[in-house]
Amino acid sequence: MPDVAVLADSGSNLLAARNQMGFTLGFHIVLACFGVAFPAVMLIAEAYGQRKDDRDALQLARNWSKGVAVLFAVGAVSGTVLSFEFGLLWPRFMDRFGDAFGIAFGIEGIFFFLEAIFIAIYIYGWDRLSPRAHMLSAIPIVISGIGGAFSVISANAWMNQPQGFDLDGAGNVTNVRPLEVIFNPATGYEFFHMWLAAYMVTGFLIASVYAVGMLRGRRDRYHRLGFLFPFTVAAIAAPIQLFVGDTAARAVADDQPAKFAGFECVYESGDNQAEHIGGICHDGKVTGAISIPGLDSLLVGFSTNTYVKGLDQIPDDREPPAKTMLHLAFDTMVGIGTALFLLAVWFAISWWRRRDIPGTPWFLRLAALAGVGALLALESGWIVTEVGRQPWIVYGFMRTTDAVTPAQGIWWVFGLTMLLYVGLAVTAITVLRALSRRWREGLPEQPGEVPYGPPPGEGSGASA
Amino acid sequence: MSSADVCAAILWVGVTLYAIFGGADFGAGIWDFLAGRGERADKVRAQIDRSIGPVWEANHVWLIFVLVILWTAFSPAFSAIFSTLYIPLALAALGIVLRGSGFAFRHALPGPVERPATRIFGLASVLTPFFMGTVVGAVAAGEVPAGGNGDPTGSWIGFLPLSLGVLFVLLTAYTAAVFLVRDSGAAGDESLRGYFERRALGAAVIAGGAAVVGVIALHADARYVYDGLTSWPGIALVIGSGLCGLIALGFLVSGRNYGLRVAAVGAGTAVIWGYFAAAFPYVLPTSLKISDAAAPSGTLTAVMAVFGAAVVVVIPSLALLYTLSQRQALESYSASSDATSPRR
Ligand code: HDD
Ligand code: HEM
Ligand code: HEM
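For the protein sequence lines, the chains are A and B, in the order given. Start counting the first sequence at 1; every next residue gets the next number (the working numbering). Start counting the second sequence at 465; every next residue gets the next number (the working numbering).
No lab work stands behind these hints: they were computed from the structure. Backbone N, C-alpha and C fix where the C-beta goes; we use that ideal spot for every residue, glycine too. Incorrect hints may have been included.
Said to hold, decoys possible - Derived CB-CB ranges, DEER-like:
| # | chain 1 | residue 1 | chain 2 | residue 2 | range |
| --- | --- | --- | --- | --- | --- |
| 1 | B | A783 | A | P406 | 41 to 47 Å |
| 2 | B | D469 | A | N175 | 16 to 22 Å |
| 3 | B | R501 | A | I429 | 24 to 30 Å |
| 4 | A | F23 | B | E578 | 26 to 32 Å |
| 5 | A | V422 | B | V679 | 56 to 62 Å |
| 6 | B | R583 | A | I292 | 56 to 62 Å |
| 7 | A | P406 | B | G706 | 58 to 64 Å |
| 8 | B | A783 | A | W352 | 47 to 53 Å |
| 9 | A | P239 | B | A473 | 45 to 51 Å |
| 10 | B | V676 | A | I429 | 45 to 51 Å |
| 11 | B | V676 | A | F23 | 41 to 47 Å |
| 12 | A | R218 | B | V775 | 46 to 52 Å |
| 13 | B | T694 | A | I429 | 38 to 44 Å |
Based on the provided sequences and hints, a complete structural model is requested.
Right under this line is the structure:
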């Protein structure tokens with residue numbers, strides 16, 4: 001069983017480096033999702049609050065902005081670690097391909113600046129800017145979140161579908177065409193898929209906090225709105241996500257057949273392929289799966305006659321590793337994606353008929369789980385993409401083995417990083433919970449105050 | 465100038481801004497750590513919060529900018545530096561993580577996490593400048609071979625890298641103190657201004673001593689750079705830096721706010737560009753030239769376009785942020801006005 005052989009070779013630098021990269025990316029992506037989508041949810045609450053003169057909505061936006069501040073800081077530092085890791089773990093990759101792979105990151109840098117600047121203005125401006133100026137300052141945050149995600153994803157898409165350069169006789173990159181690098185064939189679907197994923201993860205996760213609150217009996221307007229804004233955003237993204245995911249799968253079947261055969265467990269090429277749900281893939285067959293005849297072909301080419309390339313056509317040294325994990329990760333993503341879609345439909349029907357959240361506590365219970373579910377789907381999707389690309393770091397051009405650093409001691413670094421990140425995660429969650437407890441305890445107080453304008457009893461700061 | 469040289473200059477603009485503004489944020493962490501406890505320490509920390517709170521994340525992005533330009537436009541140099549100096553670089557990254565999260569946590573939630581977060585913030589603020597200093601020292605000393613994979617310990621544990629590490633810590637502390645003098649002065653708090661003024665002067669004297677050691681170390685370990693700094697045009701920049709430094713000292717002592725920061729920033733900028741002039745035409749003196757490390761022209765054009773866009777959109781936004789925070793339009797509310805915010 002080749003999967004075990006890969007994992008058992010635990011002395012190898014390569015495995016350590018991959019674990020380190022995967023773990024730190026998997027951590028950062030959660031914060032990145034919040035960075036992309038939380039400002040949008042916050043802006044919606046603020047815009048609604050200003051338009052309807054709704055104090056609860058304004059209060060939500062204000063409270064959320066503190067959460068955004070904390071999460072943004074942790075996102076920034078964990079993202080910086082990733083930038084270092086490109087050099088620390090994959091120096092040979094950067095040496096050879098940095099001049100093509102790096103381009104999109106340059107654009108990302110601009111968006112990071114704008115995001116950091118306007119988040120500061122927004123957060124520190126609550127008491128100082130006019131309502132209108134304050135709300136305007138959130139718009140660049142939302143745009144730069146999307147732009148930042150586009151740039152990073154474009155770099156990742158290029159690793160999957162490298163183009164826009166030539167290789168000279170010595171194998172060095174020449175004649176780089178930046179636009180072709182940035183807009184490679186995988187950029188479109190990867191970007192839309194990730195963008196929607198960020199809105200789903202963030203929306204469902206925030207909503208789940210208020211769903212739990214409502215289940216515990218806190219059914220005031222503040223909690224209701226705190227549930228409705230983020231949940232609606234996520235519920236709008238969910239159906240579109242199914243469509244984009246499906247497009248992605250078909251594109252992967254065309255462009256990266258080894259990856260597709262890996263996560264669908266297609267061992268023998270041919271038409272009329274069955275879709276396997278669950279199960280274990282090894283020794284050239286699938287066991288324990290629910291197999292629906294012809295469905296895989298149907299999904300790929302809208303006809304059961306569609307030919308699908310299987311692993312038998314792919315040289316052993318070009319097959320992805322860990323096929324069972326890949327397959328189960330893919331099924332997890334699709335399964336959860338479908339479930340979240342159904343939850344969104346339920347919500348939509350109830351809203352359409354009664355202008356209300358479904359009455360049964362079961363809806364809130366499921367909504368309370370939806371955030372974690374979306375997160376699981378997100379992480380599974382990245383496992384499919386990244387592990388499925390193996391053994392390549394640049395698909396078809398450079399193997400991951402040839403990219404890794406010879407430096408020793410990565411296992412140690414990996415262990416320490418895990419400790420550090422667990423500490424960070426625990427502290428961040430503690431801080432967020434403490435903040436929300438404080439807001440809750442303070443709820444009924446001081447009804448006359450407004451979220452804008454200098455706090456009463458204080459001068460307008462120093463005058464220079 | 466070739467487009468490779470233009471990209472190297474762009475890289476150096478990023479380095480300059482990160483070293484000065486990002487550096488000052490680390491230096492503020494050092495003063496935060498040294499503030500001790502008590503009522504005055506609280507006032508010191510409040511001023512530090514006000515001064516760096518709104519800007520540190522934006523200043524930090526200059527580092528990202530530098531890394532990205534380096535790996536895109538000069539990927540062999542990036543790879544060589546990271547495959548040799550991975551120990552100090554990893555420790556610098558650790559400092560970034562701890563400093564940033566320490567500051568964010570203590571800022572967000574006064575209370576139980578405040579004290580440990582403050583301590584971590586302060587200690588970590590020393591790590592990054594120190595190890596960045598050793599990296600610069602190792603590069604200047606020619607310890608990073610063009611092909612990478614140089615000596616992982618010997619390259620940076622040496623006279624020049626270690627003395628530059630110490631010098632970097634002192635310089636960030638000095639810059640921070642100057643900025644804090646100016647900010648507390650502008651806020652009209654004379655006693656706090658005096659507090660930072662004494663510290664700025666102390667740091668200036670110690671850093672001056674360390675700079676002398678640094679020059680000796682350059683002479684011993686990095687002859688190419690030393691020679692460049694002591695001949696035209698390097699020498700002009702070094703002298704300019706010294707003059708600006710003296711002017712800043714004069715302003716400090718005479719209690720003058722106006723122009724103080726400009727003088728201190730000028731001193732830093734001049735010496736950083738002095739290095740650039742001295743090391744030219746090398747990225748890695750004396751094993752890798754800018755022209756040999758440079759990416760194909762399509763990439764360089766993209767880098768220049770990105771920089772152009774950054775000048776057009778980022779600089780005005782940064783200016784807006786600095787202006788708002790200088791005018792104290794962005795008063796820190798999270799610690800102080802939590803008590804006055806509506807839902808408390
Ligand atoms: C909320 C999260 C989420 C949900 C509900 C889905 N996905 Fe997904 N998926 C991701 C989050 C994600 C992602 C953001 O993690 C990935 C990783 C790389 C990418 O572009 O998006 C991904 C990758 C990814 C890939 C691999 C793309 C590649 O390798 O280039 C495929 C084929 C799918 N997805 C297909 C689907 C289908 C058919 C879904 C519907 C049912 C689905 N995804 C729901
Ligand atoms: C943030 C979500 C992401 C997650 C969770 C993720 C996950 C992973 C995982 C698990 C691996 C290890 C693969 C293996 O061991 O088989 C990996 C490798 C890697 N990823 Fe990603 N990835 C993400 C996004 C990205 C992006 C956006 C980029 C680049 C722009 C990227 C660049 C890399 C590189 C350079 C490697 C190492 C080489 C390799 O194993 O192919 N990743 N990632
Ligand atoms: C799927 C992948 C990714 C997405 C969608 C993403 C998105 C984001 C977003 C929105 C931010 C803003 C900070 C925040 O909101 O917390 C951020 C921060 C950051 N990310 Fe990522 N990122 C991804 C992967 C990566 C990778 C692979 C790198 C490595 C180079 C990286 C480097 C950074 C850096 C350096 C920052 C800090 C910027 C700052 O100082 O403000 N990110 N990322």
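Each hint, compared with the structure:
Restraint check, B:A783 to A:P406: a C-beta distance of roughly 45 Å satisfies the suggested window 41 to 47 Å. At about 21 Å, the beta-carbon gap between B:D469 and A:N175 stays in the expected band of 16 to 22 Å. For B:R501 paired with A:I429, a C-beta distance near 28 Å keeps the hint of 24 to 30 Å intact. Between A:F23 and B:E578 the CB atoms are about 29 Å apart, so this pair conforms to the stated range of 26 to 32 Å.
As the Cβ distance of A:V422 to B:V679 is approximately 45 Å, the hint placing it in 56 to 62 Å is violated. For the hinted restraint 56 to 62 Å between B:R583 and A:I292, the CB-CB distance of approximately 59 Å keeps it satisfied. Here the CB-CB span from A:P406 to B:G706 is close to 44 Å, at odds with the stated 58 to 64 Å. A beta carbon spacing of about 48 Å between B:A783 and A:W352 agrees with the range 47 to 53 Å that was offered as a hint.
Between A:P239 and B:A473, the C-beta spacing of about 50 Å keeps the proposed range 45 to 51 Å intact. Checked against the hint of 45 to 51 Å, the pair B:V676 and A:I429 passes, with Cβ atoms roughly 49 Å apart. Against the hinted window of 41 to 47 Å, the Cβ-Cβ separation of B:V676 and A:F23 comes to about 45 Å, which satisfies the hint. For A:R218 and B:V775, the Cβ-Cβ distance of about 50 Å falls inside the hinted range of 46 to 52 Å, so the restraint holds.
Roughly 55 Å separates the CB atoms of B:T694 and A:I429, a value that falls outside the hinted 38 to 44 Å.
Violated hints, in rising order: 5, 7 and 13; the structure is consistent with all others.
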